[in-house]
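J.: Here are the chains, one letter per residue:
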Amino acid sequence: MAQIKDRYAIVGVGESERSKNSGTTPLHLALDAARAAIQDAGLEAKDIDGFMSYSENDSCTSHQLATYLGVRPKYVKDIMGGGSSTEMLIADAIGLIETGQVNTVLIYRSMNGRSGVRMGGGGWDVNMLQSAIDGGSFIIPYGAGGPAQWFGLFATRHMHETGLTQEHLGHVCVSFYEHAQRNPKAYFYGKPLTMEQYKETPYLSYPFNKHDFCLESDEANAIIVTSAERAKDCQSRPVYIMGIAARQCVSHSHYWSDLTEVAADYVADDVYKKAGVKPEDLDVASIYDCYSWVVLRQLEAYGIAPRGEVGDFVAAGNLRLGGKLPSNTAGGMLSEGYTHGMNNVLEIVRQIRHEYKGTDRQVENCEIGLCTGWAGPDIAGAMILRN
Amino acid sequence: MDYQKPIPLKNQDNHPYWDAADRRELLIQKCESCQHYSHPPGPACAKCGSTELSWENLGSEVKGTVYSFIVSYRPFLPGFQDDPPLVIATVELEKAPQVKLIANVLDCNPEEVNIGMNVKMTWQDIKEGRALPQWIPA
Chain A
1 MAQIKDRYAI
11 VGVGESERSK
21 NSGTTPLHLA
31 LDAARAAIQD
41 AGLEAKDIDG
51 FMSYSENDSC
61 TSHQLATYLG
71 VRPKYVKDIM
81 GGGSSTEMLI
91 ADAIGLIETG
101 QVNTVLIYRS
111 MNGRSGVRMG
121 GGGWDVNMLQ
131 SAIDGGSFII
141 PYGAGGPAQW
151 FGLFATRHMH
161 ETGLTQEHLG
171 HVCVSFYEHA
181 QRNPKAYFYG
191 KPLTMEQYKE
201 TPYLSYPFNK
211 HDFCLESDEA
221 NAIIVTSAER
231 AKDCQSRPVY
241 IMGIAARQCV
251 SHSHYWSDLT
261 EVAADYVADD
271 VYKKAGVKPE
281 DLDVASIYDC
291 YSWVVLRQLE
301 AYGIAPRGEV
311 GDFVAAGNLR
321 LGGKLPSNTA
331 GGMLSEGYTH
341 GMNNVLEIVR
351 QIRHEYKGTD
361 RQVENCEIGL
371 CTGWAGPDIA
381 GAMILRN
Chain B
1 MDYQKPIPLK
11 NQDNHPYWDA
21 ADRRELLIQK
31 CESCQHYSHP
41 PGPACAKCGS
51 TELSWENLGS
61 EVKGTVYSFI
71 VSYRPFLPGF
81 QDDPPLVIAT
91 VELEKAPQVK
101 LIANVLDCNP
111 EEVNIGMNVK
121 MTWQDIKEGR
131 ALPQWIPA
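In order, the protein sequence lines correspond to chains A and B. Per the UniProt record's numbering, numbering of the first sequence is gapless, rising by one per residue and ending at 387. Per the UniProt record's numbering, numbering of the second sequence is gapless, rising by one per residue and ending at 138.
For the record, the hints were derived by calculation from the structure and aren't laboratory data. A portion of the hints provided could be inaccurate.
[Said to hold, decoys possible] Partner residues are not named here, just some residues of chain B that face chain A (Cβ under 10 Å, in silico): (1) 6; (2) 7; (3) 10; (4) 41; (5) 89; (6) 100; (7) 101; (8) 134.
Here the structure is a predicted model, which is why all the values come from computation and not from measurement. Heads up, the beta-carbon is just placed ideally off N, CA and C, and yes, glycines get one too.
Chain A extracted, bound-state conformation (with noise of 0.2 Å):
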């Protein structure tokens, strides 16, 4: 097998601006994305042979964006997906430099996700529903319409046997909002949450609140991979691959038979071993962060804390900028804005390169870090990033 470590690198990222109501269609997003990631990365459209994207049905083709940035690429690819596809895909991206397929590939996701397609709801047809998910018709009739309740479902379980509480739910929460407050992109920039109104704030799914559930955002998100060779002749820092584990899965989606696994389990060991290093050599961090709790369970799986301890971690100060992994820097899903993902990318390239630097943003002596990515408790990808 190749040794793809520190081989490939991400040497553009850029993104459309972010609202709730775009006004716009996901492929003028898509390409506002696409044109700032090729500025970031000082390359012209041409030098781009590959594009990707990952979506719900909810965007524009790579084709179409392709076409409209005056491209005619070897290589276009559309998948389905939420979660975890950016690390799949700059996994397929490699794959395909390393056998001389393409030179260089954009991907990006770009949606309308609160003024057009909603993830969290709205309008889904019930019936579709049942025959579209694994197990549809034991869960839509009772009620189980969303990842809060399907997550949910561990999220409680889960508390009940670490120990974990509500109040560790909010250490993220507060933490991730107070990145936000350094972040003027960020959707809650100027709305800082504490401790105190995150537990006055109502149940809107136990064990959840509104502000355990992640935004919904109208925005588009593109990076660029290329080889460690073809990095130098772009004029950004590049942001070197140590080690990426594609996808990995356990059975079922949507109802899960088995509540003690999830996927990230797997990843974790694969993804370590790939990139050679250890947990306590992680600098900076992004953690998908769809729901609050998915934060706990990962640092559970990722070995950033033991099972057990994870409350007591978080509840430290931890994720916080100073603590001992500062996760989602720019206020992660809970608090920036929501592309299943990616914009946590773009972060935390941007710490590894210092783009803060001489900011109070700006993570300290930042030289690697995880990114993960969680699809749900069934699939999920990582990627371990470095200067």
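Fit chain B to the given chain A structure using the hints.
T.: Using the frame of chain A, we list chain B on its own:
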């Protein structure tokens, strides 16, 4: 008034389960190769991939304990607008602890639901010839 909530859709993989529910019985799919229960039922065993599947009849006296639960304070699907707060629970079956079965817990104060709580199965009549397995406090 007509039942407004989704009615379980039967298909080639799950119909023995729902047909049994309509008779107020619980049938659980089981793998003859690895002896694991297979729930939710599917075209093959999710543990080993075998298609040697059978159905075990657990009858009409079904007991269990709450393994996990959530309480929904907002309807996330059409038809549930009058239900919140709605308890959705994963229940461990007494006779087959490997099986964790999701349903609502009815006839109880949501704030009194807890992990380990004893429940028993009931069947809610939802339309002519159709019944939905549910849990109530035991």
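J.: Which of the listed hints are not met by the structure?
T.: Violated hints: none; all satisfied.
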